[in-house]
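2 protein chains.
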Amino acid sequence: MIHPVPPGTRDVLPDEMRELRALSGSLHATFDRAGFGEVWTPALEYEEVLRRGDERAAAGFRLFDDRGHVLALRSDATIPIARLVANRYATEPAPLRLCYFAHAYRAVERGSGQAREFLQGGIELIGVGGAEGAAEVIALIVEALSEAGLNRHRIGLGDGMLYRTLLANAGVSDEDAQPLLESLWRRDLVGLEVRIDRLGLTGSARDALVAVPALRGGREVLAKVPGPAAENLSAVHELLAERGVADRVIFDLGLLRDLGYYTGTIFEVYDPAVAFALGGGGRYDELLGRFGPSRPACGAGLDIQRVHVAQIEEERGT
Amino acid sequence: MIHPVPPGTRDVLPDEMRELRALSGSLHATFDRAGFGEVWTPALEYEEVLRRGDERAAAGFRLFDDRGHVLALRSDATIPIARLVANRYATEPAPLRLCYFAHAYRAVERGSGQAREFLQGGIELIGVGGAEGAAEVIALIVEALSEAGLNRHRIGLGDGMLYRTLLANAGVSDEDAQPLLESLWRRDLVGLEVRIDRLGLTGSARDALVAVPALRGGREVLAKVPGPAAENLSAVHELLAERGVADRVIFDLGLLRDLGYYTGTIFEVYDPAVAFALGGGGRYDELLGRFGPSRPACGAGLDIQRVHVAQIEEERGT
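Chains as they are written, first to last, in the numbering used here: chain G, 1 to 318; chain U, 1 to 318.
Be a bit skeptical, because a hint or two may be false.
Unchecked claim - Simulated coverage check for chain U against chain G, where a stretch passes if three residues somewhere in it have a Cβ under 8 Å from a Cβ of chain G:
{"no.": "1", "region": "8–17"}
{"no.": "2", "region": "60–71"}
What the hints assert, rightly or not - With the C-beta cut set under 8 Å, the calculated list includes, among others, these residues of chain U facing chain G:
{"no.": "3", "residue": "21"}
{"no.": "4", "residue": "47"}
{"no.": "5", "residue": "49"}
{"no.": "6", "residue": "114"}
{"no.": "7", "residue": "117"}
{"no.": "8", "residue": "190"}
Simulated from the structure, these hints should not be mistaken for lab results.
Note that the structure is a prediction, hence the values are computed from the model and not measured.
Here a beta-carbon is modelled for each residue, glycine too, at the ideal position from N, C-alpha and C.
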C-alpha cells in the first residue's frame, strides 16, 4: 500500500539529503563570508502582505486562520524579506546583506513536472543601487556555485524594463502588452510574433519587438538596442569583468522573470549539464517602498535541488 | 508601518539564526555519528494520511489543492516518517535509524504564547522494540544535548499506557476516560480529582487514580505501581544506567504526551533553566502498522528554539 504525497512534493532519503545538506552548507558558508547574514521568515504569511509585494505572489496555497484571515504559504523569499526589512530595519541606513535557506510553495500546472515545494537558497542586497549592486549579487552567486563544485555555470543577463520600454515606445497599451509579456516569459517567440502582428504594428517598431527577444550572445548584442538598458547592462558587465567573472555572462535580451517586482537588471543561472535554470534574480528597486522606506535592492535565489542535479551531472562529465 | 506576521510565527534575525544553525548542526552531527540518516518529507501532506496516523494530527492548518483534495501542514515529523517508511522501506528488515530537521505547524490556543510554526529536530528508531529501543533513543537525546553544550537537562520518564490501564482496571469506560486523560495531559490534577469523584469511584481504585499522577522521583516510585509499566520503566532505567545516563532520569508517572500514537515508554526533556519541556518522545509500536508492515518503533523530537533558549540561560548561569 503506497500512501501518496501531494503532486509536486517529494520525500528525500538519507543519501540525497546528505548531499543537499553539504551543498546548502557550502552555499551558506560563501554567503556568510561575504557578510550576508541568514534570516528566517515564517512559511505562512498574511495573503495581503504577499499581494502587497506582487499581485500573483499569493496565488498558490491559501488557507484561513481561526479568525478568518487569509494566510498563504510563501511563494518566494524576497517578498517576506522585504516585509522583514520594513519591520525590523526601517531606520538602518547602511546596506543590508541578508541570505536565506527555506522552502517556497507554488501552485504549478499539473503535469508540468515542476515542484510545488522547493528549497531555495539566496541572497538579498538592500541599499546598493544600479549596476554596482547587481554585479555584487551576480559575482557572489557565481562564486558560491564555484565553491560548491560547479565549473560550467553561466549567467544569462538581461533587463526587465527593456521589452516593456519597447512596447511603450511602440504605443502598445498596458492591457495589450500583458499577453505579449506572457508569451515572452514562456519563451514562446512564435506566439509572440503572432500577437505582435495582431496588433497591426509595422515598420521598425514591429521589427524591434520581434527581433530583440532573440538577441543572445556577447557584448555585440548590446549595440543593437541602444538606450538605458544597454548602458546598464554594459556597466554591469564591466563590473563583472573587474570581479573576474565576465566570461560567465551571456546577454539574453529576451529574458523576463516570473514575479512582477523586478526592475532593471535581471538574470538567470544556467549549467550546460541540465536543461533548466538553476535560479536567478535581479534588481527590485520598488519592492521595499511597498512595505516601508524606499530603497534600491537586488537579490538572487538558487533552487538547491536543481543545483544538486547539475553538480551530479557535472561530476558524471555529462 | 508594521506588517504583522501570523500569531505564533516569527522572524529570526541573523544573530539568532547563526546560533540556531550551529545548534542544529551540532544535533545533526551527533545523530549522524550514531547512524541516523536525515530525511525530508513535504510540509504538505494529504489530510487523510495524517489522520491515519492520529485523528488529531490534521487539526491544524488545512487547505484544498486544485483538485479539491484536502491537504494539511504537518503537525509533527513522526507520522510523515511512518508514511515514508511504509512507502520506501517496507521490505527493509534491519532496524532503520532516521533523523529530521523541519518545521511543524499546529493551531494552538490564542494567547497561549505557543508557537504555531516551530523547528523540530529529532530521531526515529524503527524495528528495535521494548526497553532497548527506548533506551537507545533517550541516551542519544541526552548525548546530543550534552554535545550541544547543555549540562543540566533531565529526562522525565513515564509510561503512556499506565494511566489508561488504571482507568480500565477501575472499570471506567473509554468515553468517561477521555476527559480525565485531557486533565492529566494538561497537568490539571485538581480538575482530574474532581472528575474522578464525579464518576463515583471509591476505595483503592479511586486512590490510585488520584495518587499515581503525582508520583515523581527516583526508582522508589516504581514500587508504588507494580505491573508491566513499572517493569518496563525499570528495564529502561537499567539500560540507561549501562549507558551512563540514568542519573538524568526522573520518573514521572503522570506523564502523558499529546499525540495519541504513543504506546509504552514516553518521556519529556527538561532543563532547570527554563519552565517548558525542550521536547520528548516515546514508543509508538502501533503507528507503522497503520501505513504498512507493523514494526516496533521509538522516537524523540526537540524544539530547537526552546533548546536554544535553555542553552542561553545555562550560559548565563540562571
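What hints, given by number in increasing order, does this structure fail? The structure breaks hints 4, 6 and 8; every other hint is satisfied.
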